[in-house]
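Colleague: I would like the entire structure built from these sequences, with the hints used as guidance.
Letter by letter, the chains look like this.
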Amino acid sequence: MNALAVPSLRPGWRLQWEEAQGCHVLLYPEGMVQLNDSAGAILSLVDGERDVAALIDELTRRYPDASSDELAQDVIEFFVDALQQGWIHHD
Amino acid sequence: MTDVVRSRTGGASGIGPPLWLLAELTYRCPLQCPYCSNPLDFARYRDELDTDAWIDVMRQARAMGAVQLGFSGGEPLVRRDLEALVDEARRLGFYTNLITSGVGLTTARIDALRDAGLDHIQISLQAADAEVAAAVAGSAKAYAGKLAMARAVKSAGYPMVLNVVLHRHNIDDIDRVIALCDELGADAVELASCQYYGWARLNRAGLLPSRAQVERAEAVTREWRERLAARGRNMRLLFVVPDYHAERPKACMGGWGAIFMTVAPDGTVLPCHSARELPMPFPSVRDASLKEIWYASDAFNRFRGDAWMPEPCRGCSERHQDHGGCRCQAYLLTGDAAATDPVCSKSPRHELIVQALDESSADHREVEGLISRHARNSRILCRG
Numbered sequence: 001m002n003a004l005a006v007p008s009l010r011p012g013w014r015l016q017w018e019e020a021q022g023c024h025v026l027l028y029p030e031g032m033v034q035l036n037d038s039a040g041a042i043l044s045l046v047d048g049e050r051d052v053a054a055l056i057d058e059l060t061r062r063y064p065d066a067s068s069d070e071l072a073q074d075v076i077e078f079f080v081d082a083l084q085q086g087w088i089h090h091d
Numbered sequence: 001m002t003d004v005v006r007s008r009t010g011g012a013s014g015i016g017p018p019l020w021l022l023a024e025l026t027y028r029c030p031l032q033c034p035y036c037s038n039p040l041d042f043a044r045y046r047d048e049l050d051t052d053a054w055i056d057v058m059r060q061a062r063a064m065g066a067v068q069l070g071f072s073g074g075e076p077l078v079r080r081d082l083e084a085l086v087d088e089a090r091r092l093g094f095y096t097n098l099i100t101s102g103v104g105l106t107t108a109r110i111d112a113l114r115d116a117g118l119d120h121i122q123i124s125l126q127a128a129d130a131e132v133a134a135a136v137a138g139s140a141k142a143y144a145g146k147l148a149m150a151r152a153v154k155s156a157g158y159p160m161v162l163n164v165v166l167h168r169h170n171i172d173d174i175d176r177v178i179a180l181c182d183e184l185g186a187d188a189v190e191l192a193s194c195q196y197y198g199w200a201r202l203n204r205a206g207l208l209p210s211r212a213q214v215e216r217a218e219a220v221t222r223e224w225r226e227r228l229a230a231r232g233r234n235m236r237l238l239f240v241v242p243d244y245h246a247e248r249p250k251a252c253m254g255g256w257g258a259i260f261m262t263v264a265p266d267g268t269v270l271p272c273h274s275a276r277e278l279p280m281p282f283p284s285v286r287d288a289s290l291k292e293i294w295y296a297s298d299a300f301n302r303f304r305g306d307a308w309m310p311e312p313c314r315g316c317s318e319r320h321q322d323h324g325g326c327r328c329q330a331y332l333l334t335g336d337a338a339a340t341d342p343v344c345s346k347s348p349r350h351e352l353i354v355q356a357l358d359e360s361s362a363d364h365r366e367v368e369g370l371i372s373r374h375a376r377n378s379r380i381l382c383r384g
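The listed protein sequences derive, respectively, from chains A and B.
With our numbering, letter number 81 in the first sequence gets 81, and the count goes up by one each step, no holes.
With our numbering, letter number 91 in the second sequence gets 91, and the count goes up by one each step, no holes.
Keep in mind that the hints were calculated from the coordinates and are not lab data.
A hint or two may mislead.
Taking lysine to any residue and the SDA-like style, the derived pairs with C-alpha atoms no more than 25 Å apart in a straight line are [claimed, not checked]:
#1 B:K154 to A:L4
#2 B:K291 to A:L9
#3 B:K250 to A:L9
#4 B:K154 to A:G22
#5 B:K154 to A:G31
#6 B:K250 to B:G16
#7 B:K250 to B:D298
#8 B:K154 to A:H90
Modeller: Take a look at the structure:
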């Protein structure tokens, strides 16, 4: 997964905020992933149009207190993991 | 069906909300599979909830936090209001799954369901062989229709899970089953070892595969996983191990009244779709709200936590992993719903499993010799 890759959710999968669970969940056929805060924040921005670099920029703007190097590293690690888990794919 | 991956730690103590609602819209079904999970006495329950009552059930469940919704049965396509129910469910924010035999599906209905917002269609296949499939389902023409509809579901853009119930009559053909699912374009395949409840319990001796059959099927599945990965083909293969061949029981439904709730066709609310077989009363949406039923009913609280557990579960370090196994299985095998699931090798009644395997190895019936699931047999078996 490089900075120019454009991630998107797998077709038919859906991200939504669930008040009862107090978290974002990723919904797929007959299953659900309960996401932690940072995973929810990252996946909420995934729109199938922006590449990883643009997503990192956006997150850096939203979370100015975070160290930008660490944030970039976390986001990339998350996407590698999400790809491996089959939550997302990219072009 | 209760696949919840928790990537977060912790969680609230006490009773959590239901996350899954299984809406069994009807017990009517054009097929007659001898391993059907519906209760033996299904023919008794003809008074189905109407459209408005189902919509009310869905609203209540969604307000409580349920987010995964399965439309099941019987065959849910028998209900002419299915599209209206899907439409409302999707508007409420549910992820909507249609769990169907594919019989009754047409391209027009696939489109109408898509327009209503249906998220996913799961189709069951009986076998990769038309003759075996016909013998199992009791229908010679269902098989070709299923394959055509599976192709139509994929071309309509749905994610598709194919479900194949494995038993001794089709498990040796697992290579062809997986190849067929691959060819049909499945996103995932549930290779679901038959679970022995309802009609499957009745036909158990003629359905249970041998350990050698299971081991070979697992090996073939592993090979397929490698081949699919090498091709970059993203088709998940979920092999559900038959618990009669396991050392420990399954964590049935993630625990009694933990995340899962079934509403039966007549409005009875159950912690799983087999629980109706237990010798205890279950509440109905006709008499109480889902919230009262989930949090406060005797039925839903009966096997929550671990205070109800007998030994060896009570002192077992694994009791919070498997919750003592399955209550229905404990009852069906021992006559005591609060017993340790006999599948567990620590159960004092584990010999019941050994006996069942022995009994089945001496059973040489073909599929045609099993008892078909249909209304006439239901009435004969459950008179009075």
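Colleague: What's the verdict on K291 (chain B) and L9 (chain A), does the C-alpha distance respect the 25 Å limit or exceed it?
Modeller: violated (33 Å)
Colleague: Is K154 (chain B) close enough to G22 (chain A), meaning Cα to Cα at most 25 Å?
Modeller: violated (34 Å)
Colleague: Is the Cα-Cα distance between K154 (chain B) and L4 (chain A) 25 Å or less?
Modeller: Violated, because 30 Å separates the two Cα atoms, which is more than 25 Å.
Colleague: Given the hint that K250 (chain B) pairs with G16 (chain B), test it: the Cα-Cα distance must not exceed 25 Å.
Modeller: Holds - the C-alpha atoms of G16 (chain B) and K250 (chain B) are around 20 Å apart, at most 25 Å.
Colleague: Given the hint that K154 (chain B) pairs with H90 (chain A), test it: the Cα-Cα distance must not exceed 25 Å.
Modeller: holds (21 Å)
Colleague: Are the Cα atoms of K250 (chain B) and L9 (chain A) separated by 25 Å or less?
Modeller: Between K250 (chain B) and L9 (chain A) the Cα gap is close to 31 Å, so the pair fails against 25 Å, i.e. violated.
Colleague: Taking only the CA atoms, is the gap from K250 (chain B) to D298 (chain B) under or equal to 25 Å?
Modeller: The hint holds at about 24 Å.
Colleague: For a C-alpha distance cap of 25 Å, please report whether K154 (chain B) and G31 (chain A) respect it.
Modeller: Cα-Cα ~19 Å, so holds.
Violated hints for the displayed structure, listed by number in ascending order: 1, 2, 3, 4.
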